[in-house]
Each structure stands twice: as C-alpha cells, then as structure tokens.
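Participant: Spelled out from the first residue to the last, the chains are:
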Amino acid sequence: RKEVEQDPGPFNVPEGATVAFNCTYSNSASQSFFWYRQDCRKEPKLLMSVYSSGNEDGRFTAQLNRASQYISLLIRDSKLSDSATYLCVVDRSGGYNKLIFGAGTRLAVHP
Amino acid sequence: DAGVIQSPRHEVTEMGQEVTLRCKPISGHNSLFWYRQTMMRGLELLIYFNNNVPIDDSGMPEDRFSAKMPNASFSTLKIQPSEPRDSAVYFCASSLRDEQFFGPGTRLTVL
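Line by line, the protein sequences are chains A and B. Note that this note's numbering gives residue 25 to position 25 of the first sequence, counting from 1, and the numbers run on in steps of one. So the number in this note's numbering is just where the residue sits in the second sequence, counting from 1, plus 1000.
No lab work stands behind these hints, which were simulated from the structure alone. Source: prediction; values computed, not measured. Cβ atoms here follow ideal geometry from the backbone N, Cα and C, with glycine treated the same way. A couple of the hints might just be wrong.
Over 10 Å on every C-beta distance to chain B, these chain A residues come out as not near it, computed from the model [unchecked claim]:
1) Arg1
2) Gly16
3) Thr18
4) Ser26
5) Ser28
6) Leu80
7) His110
Pair by pair, the computed Cβ-Cβ distance ranges are [claimed, not checked]:
8) B:Val1053 to A:Gly16: 44 to 54 Å
9) A:Ala20 to B:Pro1081: 44 to 54 Å
10) A:Leu46 to B:Glu1044: 11 to 21 Å
Restricting the straight-line Cα-Cα distance to at most 30 Å, the calculated cross-link-like pairs of lysine-lysine (DSSO-like) are [claimed, not checked]:
11) B:Lys1068 to A:Lys45
12) A:Lys79 to B:Lys1068
13) A:Lys79 to B:Lys1024
14) B:Lys1068 to B:Lys1024
15) B:Lys1024 to A:Lys98
16) B:Lys1024 to A:Lys42
17) B:Lys1078 to A:Lys2
18) A:Lys45 to A:Lys79
19) A:Lys79 to B:Lys1078
20) B:Lys1068 to A:Lys42
21) A:Lys45 to B:Lys1024
22) A:Lys2 to A:Lys42
23) A:Lys79 to A:Lys42
24) A:Lys45 to A:Lys98
25) B:Lys1078 to A:Lys42
26) B:Lys1024 to B:Lys1078
27) A:Lys2 to A:Lys98
28) A:Lys98 to A:Lys42
29) B:Lys1068 to B:Lys1078
30) A:Lys45 to A:Lys2
Can you build the whole structure from these sequences, using the hints too?
Facilitator: Written out as structure tokens, the structure is:
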C-alpha cells in the first residue's frame, strides 16, 4: 500500500463547478500536509498548506482529519486555468521536511 | 528573483553513458532535494542535503547514482552507467523552511 493514496482521476468538470479531491495517508506520525499543483510538463508548485482547523485561500479549501488520516481539497467555481494535476503531500519527517507525494489527481475543466 | 536552475533541460543519451545533471538552488536556501518522476512511480525523493551535507540518501536507487553538493550554490546528480529504466524527469528543489521550490526539471531519455 502506498503511503499517500489519491484517486488518479481524471475529473472532467465544466467551468463553475465545485470539485473535491480526497487523499489518505498511512503514517500516523505525519506532521505536516500540503497540496501541490503540477501543470503538464512543469514542476510542482505549492498550492496551500493544510492545517488541522481547515483553511481557505480564495476558491480553495483544504481540510485535515488526523483521526481518519484523511486530507481533502475543495475547489469552488472552477476555472479553465485550474486544469492541472493536484498532488497530496505529507511531511512525515517531523524534522527536515521529507515530503512524500501522492500520485496526483488530474483535473480537466472544460468550457 | 531567479528560481531553482537546472541544466540541461533535456538529455538524450545511450545506455552505458555517464549522465550528469546540475542544479543551482535559490540563494539563501539551506536544503536541497533531488527527485525523480515517472508515470509508474510518481515523484520520488532520491537524496536530501542540508547545509551541503547529505542527510538522507535512502531513495537513491543503486550505486550507479551519486550526488554531490560541493558548495551552497551547486549540486550534481550523476548516473554512471545509465540504463533505459533511468529515463524520467529529474527535479531539484530547495527550501529554507516548509515550502520546497522546484526547478523546471531535466527530462532524461536513455536509449
């Protein structure tokens, strides 16, 4: 079993839709959690950190459930520019920032 | 500000040849990471340096792979001899705290 599991998708949604991605992690000692975004043939970039209390950044909302070892990302009012692969990332090092990446969920937003 | 710089951006070589990938981290960052990304295995951490010292090389596939960081502004990842299964995108990333900043990657093809 992979340490970080994601639904690979693709999720094909129309502009304006709300879409949710889920992720589970297996190591209960994991310390920090992130969502990264990767455009086709580009490098991953940090989208947002995920906090226990949940956090929001514009149209994006991230939530963490430590008891269930579950992370989610909600995108409201989808834009064409949101089309990308979304990587769920877990830092289990508790120290030096050793990131474990999920395989990613692909999102395609169409007109 | 210049981000993480990697060279070459593309490399095509024949099996058995030596390949050297180069990375210049963001100035002031004290951590440097080498990753490999393939369709089958996703994004995998190969090695991590902190203050130019290798801290965790548990992800290095085998002895054919070696990495060095002679100073704070330069790192290399060498594969000798290369094999077709080494074909992948190799990313270098650097960080000062939580967020890792990725370079554009080197797309390696071993024939």
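Participant: Decide, hint by hint, whether the structure agrees.
Facilitator: Taking the hints in turn, this is what the structure says about them:
no., hint, in the structure
1, Arg1, "holds, 14 Å"
2, Gly16, "holds, 30 Å"
3, Thr18, "holds, 26 Å"
4, Ser26, "holds, 15 Å"
5, Ser28, "holds, 20 Å"
6, Leu80, "holds, 23 Å"
7, His110, "holds, 23 Å"
8, B:Val1053 to A:Gly16: 44 to 54 Å, "holds, 50 Å"
9, A:Ala20 to B:Pro1081: 44 to 54 Å, "holds, 46 Å"
10, A:Leu46 to B:Glu1044: 11 to 21 Å, "holds, 18 Å"
11, B:Lys1068 to A:Lys45, "holds, 25 Å"
12, A:Lys79 to B:Lys1068, "violated, 42 Å"
13, A:Lys79 to B:Lys1024, "violated, 34 Å"
14, B:Lys1068 to B:Lys1024, "holds, 12 Å"
15, B:Lys1024 to A:Lys98, "holds, 20 Å"
16, B:Lys1024 to A:Lys42, "holds, 18 Å"
17, B:Lys1078 to A:Lys2, "holds, 28 Å"
18, A:Lys45 to A:Lys79, "holds, 18 Å"
19, A:Lys79 to B:Lys1078, "violated, 41 Å"
20, B:Lys1068 to A:Lys42, "holds, 25 Å"
21, A:Lys45 to B:Lys1024, "holds, 17 Å"
22, A:Lys2 to A:Lys42, "holds, 24 Å"
23, A:Lys79 to A:Lys42, "holds, 19 Å"
24, A:Lys45 to A:Lys98, "holds, 16 Å"
25, B:Lys1078 to A:Lys42, "holds, 22 Å"
26, B:Lys1024 to B:Lys1078, "holds, 15 Å"
27, A:Lys2 to A:Lys98, "holds, 16 Å"
28, A:Lys98 to A:Lys42, "holds, 21 Å"
29, B:Lys1068 to B:Lys1078, "holds, 9 Å"
30, A:Lys45 to A:Lys2, "holds, 22 Å"
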